[in-house]
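S.K.: Sequence:
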Amino acid sequence: MTVEPAATANPLPPPEREELERLRAALAEKTAEVELLHEVATGVAAAPTMEAMLAFIAETAVRVTRADSSSIYIYDPDTQVLTLLAVHDAPRGVLGRLKLNVGEGITGWVARERQPVVLESNAYLDPRFKHLPDLRDQRYQSFVSVPMIAKNEIIGVLNVKTRRARRYTPQQIRLLTAIAAQAAASIEGARLQQSMIARETQLSAISEVSRTITSSLYLSEILDLIVAMTARTMNFKICS
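Residues 1 to 240 (the numbering used here) are what the sequence shown spells out, left to right.
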């Protein structure tokens, strides 16, 4: 007796099979992106200080893009200057000291135009490039710079660099942009909170001054009344 092999499902035609594989790959990519952004959100929320949060973002940017270095410049709307506040693979002594004007260098250009810049090789030959000796940036071949924007306002700029020329994938650029947006939103939220705290402190001080003045005026009225009553009681024309 011959046993017939069990019937198997008809295989998909090559075009449909390729489309299915493409969809599976796209789903896996999106899942990885969501997991990473969740990790970033958790890390940002757990950071005890602004400095720690920026350092975490700089390190994450390097890991996501497999870059050699990263830097974060934060924009001060009062001075209209970008200040380096986080670096990866660079001397930490430059933090807070290195400043760029809007429009200065690739970083300043990105802040002004609010558009990313992707240079895959010979970044130092770009006309927007500004040599910064403290960062030893001429040793880098590729340079990616993305704006950090929250509520349509420029918050800063996130940069990643590699020593060798390399091609960045659309997913890496997309993730870097999303990370920059998350960081910008967190910074904006922290600034708003600080502003509210400062406002509450100011209002509390005004209220305290007001109470002091009111109390002083009330005390003065009481003293005047006591003086008047004493004068009448003692039948004095003047009492002081």
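These are computed hints drawn from the structure, not numbers from a lab.
By construction, the Cβ of each residue, glycine as well, lies at the ideal position given by its N, Cα and C atoms.
Wrong hints could be hidden among the right ones.
Distance windows between CB atoms, simulated [unchecked claim]:
| hint | residue 1 | residue 2 | range |
| --- | --- | --- | --- |
| 1 | 191 | 14 | 32 to 38 angstroms |
| 2 | 42 | 122 | 18 to 24 angstroms |
| 3 | 18 | 112 | 33 to 39 angstroms |
| 4 | 12 | 164 | 16 to 22 angstroms |
| 5 | 166 | 23 | 41 to 47 angstroms |
| 6 | 170 | 15 | 19 to 25 angstroms |
| 7 | 11 | 191 | 57 to 63 angstroms |
| 8 | 37 | 136 | 30 to 36 angstroms |
| 9 | 120 | 91 | 22 to 28 angstroms |
| 10 | 118 | 49 | 37 to 43 angstroms |
S.K.: Each hint: holds or not?
M.R.: Status of the hints after comparison with the structure:
Look at residue 191 against residue 14: about 55 angstroms separates their beta carbons, and that is not inside 32 to 38 angstroms. Evaluation of the 18 to 24 angstroms hint for residue 42 and residue 122 yields a failure: the beta carbon distance comes to about 37 angstroms. As the Cβ distance of residue 18 to residue 112 is approximately 44 angstroms, the hint placing it in 33 to 39 angstroms is violated. As the Cβ distance of residue 12 to residue 164 is approximately 40 angstroms, the hint placing it in 16 to 22 angstroms is violated.
Checking the proposed 41 to 47 angstroms range against residue 166 and residue 23 shows it is violated: the Cβ atoms sit about 28 angstroms from each other. At roughly 24 angstroms, the beta-carbon separation of residue 170 and residue 15 lies within the given 19 to 25 angstroms, and the hint holds. Distance hint check: the CB atoms of residue 11 and residue 191 are about 58 angstroms apart, consistent with the given range 57 to 63 angstroms. In this structure, residue 37 and residue 136 meet the distance hint of 30 to 36 angstroms, their C-beta atoms being roughly 31 angstroms apart.
One distance hint, 22 to 28 angstroms for the beta-carbon pair residue 120 and residue 91, holds here, with the actual separation near 26 angstroms. For the hinted restraint 37 to 43 angstroms between residue 118 and residue 49, the CB-CB distance of approximately 31 angstroms leaves it violated.
In this structure, the hints that do not hold are numbers 1, 2, 3, 4, 5, 10, in rising order.
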